[in-house]
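Engineer: The lines below spell out each chain.
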Amino acid sequence: MEAQTFNARVATPTTRLVGAMSLVSMAWVVIGGLIVTPKDVNQGDAVRIMYVHVPTAWVAYLAFIVTAVASACWLLSRKHSMCFDRVAGASAEVGVIFMAMTLLSGSLWGRITWGTFWAWDPRLTTTAFLLVTYIGYLAVRGLGGSLEQRARRSAVIALLAVLEIPLVHFSVLMWRSLHQKASVLSGDGDIKMDGSMLTTLLVGVIGFTMTFAWLVMHRQRVLAMQDAMQMTQLDVALRERANESATESTDRVEGLK
Amino acid sequence: MDHLGFIAAVYGVTFAVITALVVRTVLQGRELASKVADKDKPWT
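Listed in order, the protein sequences are those of chains A and B. Heads up, the first sequence is in the numbering used here, so the first residue is 1 and it goes up one at a time. Heads up, the second sequence is in the numbering used here, so the first residue is 1 and it goes up one at a time.
Worth flagging that the hints you see were computed from the coordinates, not collected in a lab. Beta carbons: idealized from backbone N, C-alpha and C, even for Gly. A hint or two may mislead.
Computed, partial: chain B to chain A, Cβ under 8 angstroms [unchecked claim]:
#1 2
#2 3
#3 6
#4 7
#5 10
#6 12
#7 14
#8 18
#9 21
#10 23
#11 25
#12 28
#13 30
#14 32
#15 35
#16 36
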């Protein structure tokens with residue numbers, strides 16, 4: 001019988017590289033966002049919140065889209081690989097946290113520019129609704145049942161929940177909103193932004209995306225180990241129950257004799 | 001810098017939350033990895 005080995009490392013060269021690049025990008029965002037970039041003509045220093053607010057919002061959208069794609073892959077694949085389900089779950093966990101950070105940073109930015117922390121504005125309301133939906137998704141993942149049951153019910157919810165993203169994104173165009181419209185992805189190609197501001201914003205988006213990738217890779221591995229432990233515990237429980245049944249049967253036969 | 005408190009709060013909370021998430025993930029991963037056999041860890 002082969003001896004089992006227990007390597008305590010979860011990181012791989014790829015995740016280490018992604019992690020290191022994330023750290024460098026984050027350092028750039030802090031230095032660029034707080035020191036290097038100039039004030040905005042209209043918003044003054046408050047514009048510095050943008051270098052964090054926009055990337056966290058982007059990562060939250062990306063995370064929920066990854067959750068939907070991984071869920072679709074689980075449903076459509078013949079093998080129903082649990083890896084897809086775990087990527088979906090890990091991505092949703094990270095997305096919920098980034099969405100909450102987006103709402104918090106937006107709320108503080110709103111206090112400076114609009115004079116209030118919260119308004120029942122279309123963008124803010126739909127974003128809060130999106131957050132609550134994915135908290136519900138995570139709650140459903142935590143319900144009991146087999147791994148297949150968890151994967152199937154959460155995949156269906158993920159495919160429905162992702163339909164909210166266009167609603168959130170286009171809410172500023174569909175309804176009258178306090179929230180400003182897209183500055184960089186406006187569609188006309190005319191970006192009215194200073195070079196250093198645009199560079200810092202893009203580095204922020206790339207850096208936060210790499211952080212997201214690192215977190216999903218590691219969370220997916222943590223979930224894989226949790227699933228493996230759950231299956232091992234289930235095997236042990238089934239073996240114990242089988243042994244108990246065998247002992248009871250033997251005792252009954254002995255009693256009859 | 002104007003509105004320094006708000007700006008510092010946004011940067012502070014964001015990076016503190018990300019750091020906490022990373023640390024939690026690493027610690028949880030190490031703890032589980034010492035209990036789960038390598039055959040269940042395809043990345044090792």
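Engineer: So, for every hint listed, does it hold in this structure?
Structural biologist: Now for the hints, and whether the structure bears them out:
With a cut of 8 angstroms, the hint placing residue 2 of chain B at the interface with chain A holds, because the nearest CB-to-CB distance is about 5 angstroms. Using the Cβ-Cβ criterion of 8 angstroms, the hint placing residue 3 of chain B at the interface with chain A is satisfied: the shortest such distance is roughly 5 angstroms. Against a cut-off of 8 angstroms between C-beta atoms, the interface hint on residue 6 of chain B holds, since the closest Cβ of chain A lies about 5 angstroms away. At its closest, the beta carbon of residue 7 of chain B sits 5 angstroms from a beta carbon of chain A; the interface hint therefore holds under the 8 angstroms criterion.
Because the closest C-beta pair between residue 10 of chain B and chain A is about 5 angstroms apart, less than 8 angstroms, the hint holds. With 8 angstroms as the threshold, the beta carbon of residue 12 of chain B stays out of range of chain A, its nearest partner Cβ sitting at about 10 angstroms, so the hint is violated. Hint status for residue 14 of chain B: holds, given a least beta-carbon distance of 5 angstroms to chain A, under 8 angstroms. For residue 18 of chain B, the suggested interface contact is upheld, since its CB lies about 6 angstroms from the closest CB of chain A, less than 8 angstroms.
At about 6 angstroms, the closest approach between the beta carbon of residue 21 of chain B and any beta carbon in chain A falls short of 8 angstroms, and the interface hint on this residue holds. The interface hint given for residue 23 of chain B is violated, since its Cβ lies 11 angstroms from the closest Cβ of chain A, which is over the 8 angstroms cut-off. The interface hint given for residue 25 of chain B holds, since its Cβ lies 5 angstroms from the closest Cβ of chain A, which is under the 8 angstroms cut-off. Interface hint at residue 28 of chain B: satisfied, since its Cβ lies 5 angstroms from the closest Cβ of chain A, which is below the 8 angstroms cut-off.
Evaluation of the residue 30 of chain B hint against chain A yields a held restraint, the C-beta minimum of about 5 angstroms falling below 8 angstroms. With its C-beta approaching chain A no nearer than about 4 angstroms, residue 32 of chain B sits inside the 8 angstroms limit, and its interface hint holds. With 8 angstroms as the threshold, the beta carbon of residue 35 of chain B comes within range of chain A, its nearest partner Cβ sitting at about 7 angstroms, so the hint holds. Interface hint status for residue 36 of chain B: upheld, as the beta-carbon distance to the closest one in chain A is roughly 4 angstroms, under 8 angstroms.
Checked against the numbered hints given earlier, the structure breaks hints 6, 10 and satisfies all the rest.
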